[in-house]
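Chemist: Same order as they appear, the protein sequences are chains A and B.
In this text, residue positions in the first sequence follow this note's numbering: the first is 1, and each later residue adds one.
In this text, residue positions in the second sequence follow this note's numbering: the first is 1, and each later residue adds one.
If you're looking for bench data, these hints aren't it; they were derived computationally from the structure.
Glycine included, each C-beta is placed from N, C-alpha and C at the ideal position.
A hint or two may mislead.
For lysine to any residue, the following SDA-like pairs were computed, each having C-alpha atoms within a straight-line distance of at most 25 Å [to be verified]:
#1 A:Lys45 - A:Thr61
#2 A:Lys105 - A:Val13
#3 A:Lys45 - B:Gln17
#4 B:Lys9 - A:Ala20
#5 A:Lys45 - B:Asp38
#6 A:Lys2 - B:Val88
#7 B:Lys9 - B:Val88
#8 A:Lys2 - A:Tyr51
#9 A:Lys79 - A:Lys2
#10 A:Lys42 - B:Gln37
#11 A:Lys42 - B:His29
#12 A:Lys105 - B:Thr54
Which stretches of chain A does chain B cover? Using the computed rule of at least three CB atoms under 8 Å from a CB of chain B, they are [to be verified]:
#13 44-52
#14 104-110
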Amino acid sequence: RKEVEQDPGPFNVPEGATVAFNCTYSNSASQSFFWYRQDCRKEPKLLMSVYSSGNEDGRFTAQLNRASQYISLLIRDSKLSDSATYLCVVNRDSGGGADGLTFGKGTHLIIQP
Amino acid sequence: NAGVTQTPKFQVLKTGQSMTLQCAQDMNHNSMYWYRQDPGMGLRLIYYSASEGTTDKGEVPNGYNVSRLNKREFSLRLESAAPSQTSVYFCASRIFSGRLTYEQYFGPGTRLTVT
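Here chain B stands alone, though its shape is the one from the complex (with noise of 0.2 Å):
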C-alpha cells in the first residue's frame, strides 16, 4: 500500500514552459487535493476534486489546469510556468462523506523552481 505518490520529485522549468504533475493514491478516497507550500504562506489549495469526474477551484488557482483522470490519479498542469509558481506542490487525498470530516493524506511534494 503505497498511500499518495507524486512524480516528479524535483522540476526545473524555464518561464513560459508547461509541464504536468502527477498524482496518484490506492486508498481508495474518493476526494483529492492539490497544494502548494511556500515560506511564510502555509498551505494554500489550488484545486481540488471532490469525487472522479468534479473538479473545483481553491484559494488559488490562476495559472493551473487539474484533470482527475479516475479515482486514482489527480494530475496539475502548468500551461505556461511563471517564477511566481516556483514551490513545493503537495497532492492529498481522504475520504469524504458529505458528513463527517476525515484526515487528508499527503504525497511526498513535488520541488518547482521556475527560472
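Okay, chain A solo, but in the shape it has when bound (with noise of 0.2 Å):
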C-alpha cells in the first residue's frame, strides 16, 4: 500500500454542486493530517489541518477516520475558483521525526460553469 493515496481524477463538478474525495494512508501511527491546494504551476497552499472530531471552515469541511486510515474533503456550493488540485497530506510517523511530511500526489479537481 502506497504512503498517501489519492484518487488523481480530475472530478468534473459544476458549479454549485458539493464534491466529495477520500485519501488513504499506509502509517497507522500518523498523528497529523492536512489539506493542500495547489493551483497550475504554483506552490501546494494550506487549506486546513484535520482535526480527529472532524472540522468545518466555510464550504470546506474535512474528516478522519483513523478505524479505515482515511481522510475526506468535502467542498460544499463549489466555486469556479475552486479548480485546483488537491493534495492530501500525512505526517511520516508519530511526529518524532523532522522529515517532513507525506504528500499524496493530488485530486485534480475542475468546476465547470
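Starting from two chains that each stand alone, build the complex the way the hints lay out.
Modeler: Below, the structure written as C-alpha cells:
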C-alpha cells in the first residue's frame, strides 16, 4: 500500500455542486493530517488541518477516520475558483521525526460553469 | 513578512553545468526542506534540515547537495546537472518540535530545465 493514496481525477463538477474526495494513508502511527491546495504552476498552500473530531472552514469540511485510515474533504457550493489540485498530506511518523510530511499526488478538481 | 523566498524563478542549464538554488525564510522556522515535483510523481523530498547545522537525505538525494547556511537559509546545489533533474523545485519550512507536527510553508518554486 502506498503511503498516501488519492484518486488523481480529474473530477469535473458543475458550479454550485457538492464534491467530496478521500485519501487513504498506510502509517497507522500518523498523527497529523492536512489538505493542501495547489494551483497550476504554483506552490502548495495549506487549505486546512484535519482534526480527529472533524472540522469545518466555511464551505470546506474535513473528516478523519482513524479506524479505516482515511481522510476526506467535502466542498459545498463549489465555485469556479475552487478549481485546483488538492493534496492529501500526512506526517511521516508519530511526530518524532523532522523529515516532514508525506504528500499524496493530488486530486485534480475542475469546476465547470 | 515575505515567508519563504526562492531564487531564481527559472533556469536553463546545459548538461554538466552546476548551479545553486537559494531559499530563505523569515518565519523563524527551525526545519527546512527541498522537494522536487514532476508530472505524475507528486512532491518528493530531496534533502531536509531539522535545525541549523544538520542536514539529512530524503527520498531522492542523488545528484544534489545542500547547505544550511544559517537558520534562515537553505541552499540546494546541483554539481553536474543532468536532463533527469529537469523539474520544479520547491523549498519549504516549518516549525519542528519533536512532538507535534506543524504545517509546512512553501516557496514559489524554481523551474529548472536541463538540456
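Chemist: If a hint holds in the structure, say so; if it doesn't, say that too.
Modeler: For each hint, the structure was consulted:
{"no.": "1", "hint": "A:Lys45 - A:Thr61", "result": "holds, 17 Å"}
{"no.": "2", "hint": "A:Lys105 - A:Val13", "result": "holds, 20 Å"}
{"no.": "3", "hint": "A:Lys45 - B:Gln17", "result": "violated, 32 Å"}
{"no.": "4", "hint": "B:Lys9 - A:Ala20", "result": "violated, 34 Å"}
{"no.": "5", "hint": "A:Lys45 - B:Asp38", "result": "holds, 17 Å"}
{"no.": "6", "hint": "A:Lys2 - B:Val88", "result": "holds, 23 Å"}
{"no.": "7", "hint": "B:Lys9 - B:Val88", "result": "holds, 10 Å"}
{"no.": "8", "hint": "A:Lys2 - A:Tyr51", "result": "holds, 22 Å"}
{"no.": "9", "hint": "A:Lys79 - A:Lys2", "result": "violated, 31 Å"}
{"no.": "10", "hint": "A:Lys42 - B:Gln37", "result": "holds, 11 Å"}
{"no.": "11", "hint": "A:Lys42 - B:His29", "result": "holds, 22 Å"}
{"no.": "12", "hint": "A:Lys105 - B:Thr54", "result": "violated, 28 Å"}
{"no.": "13", "hint": "44-52", "result": "holds (count 4)"}
{"no.": "14", "hint": "104-110", "result": "holds (count 3)"}
Checked against the numbered hints given earlier, the structure breaks hints 3, 4, 9 and 12 and satisfies all the rest.
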